[in-house]
Structures are given as structure tokens and as C-alpha cells.
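*Asks:* Listed below, chain by chain, are the residues.
2 protein chains.
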Amino acid sequence: MTVHTIHVFKNVLAGNDEVAARNRVRFNEAGVLAINVIASPGAGKTSLIVRTLAALRDRTNIGVIEGDIAGSIDAEKVLACGARSAIQINTSGGCHLEAGMVQQALDALDLQQLDIVFIENVGNLVCPAHWALGEQIRLCLSSTAEGHDKPIKYPDVFAGSDAIVLNKIDLIDLVDFDRAAFYESVRALNRQAPIIEVSCRSAAGFALWIDWLLAQRAALRIDMHETVR
Amino acid sequence: MTVHTIHVFKNVLAGNDEVAARNRVRFNEAGVLAINVIASPGAGKTSLIVRTLAALRDRTNIGVIEGDIAGSIDAEKVLACGARSAIQINTSGGCHLEAGMVQQALDALDLQQLDIVFIENVGNLVCPAHWALGEQIRLCLSSTAEGHDKPIKYPDVFAGSDAIVLNKIDLIDLVDFDRAAFYESVRALNRQAPIIEVSCRSAAGFALWIDWLLAQRAALRIDMHETVR
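Chains as they are written, first to last, in my numbering: chain U, 1 to 229; chain P, 1 to 229.
Please note that the accuracy of each hint is not assured.
Label-pair ranges, simulated between beta-carbon atoms [as the list claims (entries may be wrong)]:
1. P:Asp107 - U:Asp211: 51 to 57 Å
2. P:Asp178 - U:Pro194: 29 to 35 Å
3. U:Leu208 - P:Val25: 37 to 43 Å
By construction, these hints were calculated from the structure, which means they are not laboratory data. Even for Gly, the Cβ is constructed at its ideal location relative to N, Cα and C.
Next comes chain U alone, as it looks inside the complex (with noise of 0.2 Å):
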């Protein structure tokens, strides 16, 4: 299977807010679960998403949508490890998504076929933050070796995510992180997200996040219930 890449180019994209919406529209009437997966470069995007695929590659259907700005190593990788589909964004330098980026993707993806979309944005925990491109959640993975002052130093990105997943906890007694620091700065910015702890190395924590995702999806099917009846 080969990679779809799209290269982005500036100035075609107008109006995010309504882009994302329709594409918001798009998930939901197709019953798939959107995650906009924001992150520092290093933090673990891929290997979350390589990590679930591995549990759930038998009885889900999970599509990725990769941003970089160059190259397509992700999409190729989390193709080999189950996904149903991948496609590539190469932002062309720029720093984020954008929900025009994410329309073009739709336009090449079946989600008939899909359950789930992974959307894994460039690493940067700055300007993901005010683009929505359409997901029903929005995930920041923030890592114990970034240190727990992150929401802090980059609240945007706390305040306004669905879930927060807190990655490489097997490191977390070697590199001085302060968890209940970071737990209290979390709070003061976001009272609602959950917190889930987890190792995509070690697995640690694996169970939960799953158990989470698919209480997640379920959700979403309800919803799509009650709105046909």
C-alpha cells in the first residue's frame, strides 16, 4: 500500500472555523471518532497511535491522518502496524494543521470503512491550539522527560483539550517530574479532562486509555441513535 501525500500551500485556506465544522458534520454522520492529537515534537504521537493500533487492529477500524512538514515516515509506519488507512500532510514548513488540510484528507479517505481517525498534528504545543479541524476530541499528550511546568508554560493547549494523556510515565522517577504539580497546574487551566497516564513503551497504563478511546466511540454511536430517532 502506498502513501497518499498532500502538499499544502498557503493562501487556499480561508474560513477554518467553517471547514472544521463541516468536517465535524462529516465525521459524525459517518459515526467515526475524530482525535486531534496535539503534542511537543518527541512527546509520543506516533507511538500512542502505533500502541492502540496494536490493541485494537482486530476488531477496529482505525485511519490516520498524518501532519508534517516533510516526509511521510509516520504514515508509512503506522500503515505497517494496522492501520486501515493513512494519509500524509506535509505542511510544507508550516507550523499546524488547519481544517482545509483535514477537508482534502476526507476527500481521500473512506470512512465508511473507518471507526476511528486518528489525526496526529505537527509537533508544537503553540499553534495546534487555535485550529480546530473538525474532531470530536481534542488530546494533549504532554511526556514526564518535558517536565511537569508544560501547562504552565503553554496553558492554550491544556485549557482547551478533551483529554490529557501523560506519556513515558516508566521515566517519570528519573527525570524529577512533580506530579502533583503538574495535576494542580492542569486543574487551575482545565477541570474537566481527564488526566490518563500511560507508557506507549512500556504499556503501562494501556488498559485505561483503551478502555477510555472505546467508551469515547461508543458515545459518539449513542449519540448518532438518539439524533436518527
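Based on the hints, put chain P in the right spot on chain U.
*Replies:* Just chain P now, kept in the frame of chain U:
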């Protein structure tokens, strides 16, 4: 000592490269080595500066310009750790420093009192790579915990840097970091920049980093004398 904070507003900054060139003249004329530190959130920018202050505070006057979206905790920290002076720039959501922001900071710094100025950019591997600030040294700081594939995924900053510091070397055996792959991908982008391995936590590699830093400062002084003659 209180922290001087600059709040930056958009559209007051034009002609970034011209302003950067003027900043560089100011650094050169004062004999100050200015280092623009670019890295992902949590790679260890502040830790590198704090550890360097600990090594040099008794013999070198170091100033710090801190770029953050919000807050002044880093400026307060470096002052407490021995920085001669510190200026906090708040970008109000902006994802990178620009030369005009540094120009404002220079108006508030007494360069004649300083030997080295660290400019800690906003934590972001993408956008800061495109904005000259007037520094003589652009430093890309990467950490083993981010993974060895960062040069491939964020090529511009690795290609455009004068030196690369690989931090968290104490974690290298715990995070599946492929050192040979990292070096190979850096060298494909940048044949010149030294790659200096350190741990800001354990101080491994720090003697080499300090020697390199002081050599850059000495070279600047030699250049100045030659210019005067």
C-alpha cells in the same frame, strides 16, 4: 531583583532581518556572544542555561532574554541561579521570538556589563527556525527522550544551526534512541555544526560544552580586536 517583562503586540514588527542585523551590530560592538536557543518544549533550554550559570557565574557575566507565551518563571529562575540580568518577553500566544522583540529587550539590558547573552526562544522546533534575532550562534537543543528522528521531521532548525546540543544523554539507554541514526540524519542536513552530548541533570558532558562556549566567546573577542586594528 524584579523581572522586567515585555508584552509584545502584533504588527509592530517589520523587516525582521534588518532589525536582526542591527541587533547583531549591538552584540558585536559590546563584545557580547549572543546565543539563540531553539528547542521543543521540555528539551531542557532553561536547564542548559541554569547549569551553565552554575559553571560560569563566578567568571563570566551572563544575561538571559527569556521568550515565553506567558509568565516570567524562567526569568525569575535564571536570576536566582546567577544571571547578571534577565529580560522576560511574553509573546501573548506567539510561537516564536522575532528580532524586534529582542531589540526591545536590548534597550532594557546593559550589554557593557555582559559577556554572553542567552536568548531562550519559545519552545517550538518549527517556527523559530525562520526568524533571525541577531545572534552570532544559533543553537539547536534536542533531547534523547524526543527520539532520534527529530532531524528528519524538523529539518530546518537542524540545517540552520551553528551547534547542536543533545541533552538527556543519561536517558539514552532507556528511550530506544539510535545515536548512529541521529548523527547520520544531522550530518545529511548540516556538515559543520558540532554535536555536543550533555545531561543537564547529571552534568555529563558539561566540561566540553563549557569549553566550546568559552572558545566561541574568545573567538568573538579576537575578531573584535582584529576589526579595531
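*Asks:* Could you run down the list of hints and mark each one as holding or not?
*Replies:* Comparing the hints with the structure gives:
Range check, Asp107 (chain P) to Asp211 (chain U): Cβ separation about 55 Å, and the 51 to 57 Å hint holds. A beta carbon spacing of about 33 Å between Asp178 (chain P) and Pro194 (chain U) agrees with the range 29 to 35 Å that was offered as a hint. At about 57 Å, the CB distance of Leu208 (chain U) to Val25 (chain P) disagrees with the hint of 37 to 43 Å.
Going through the hint list in order, the structure does not satisfy hint 3, though it satisfies all others.
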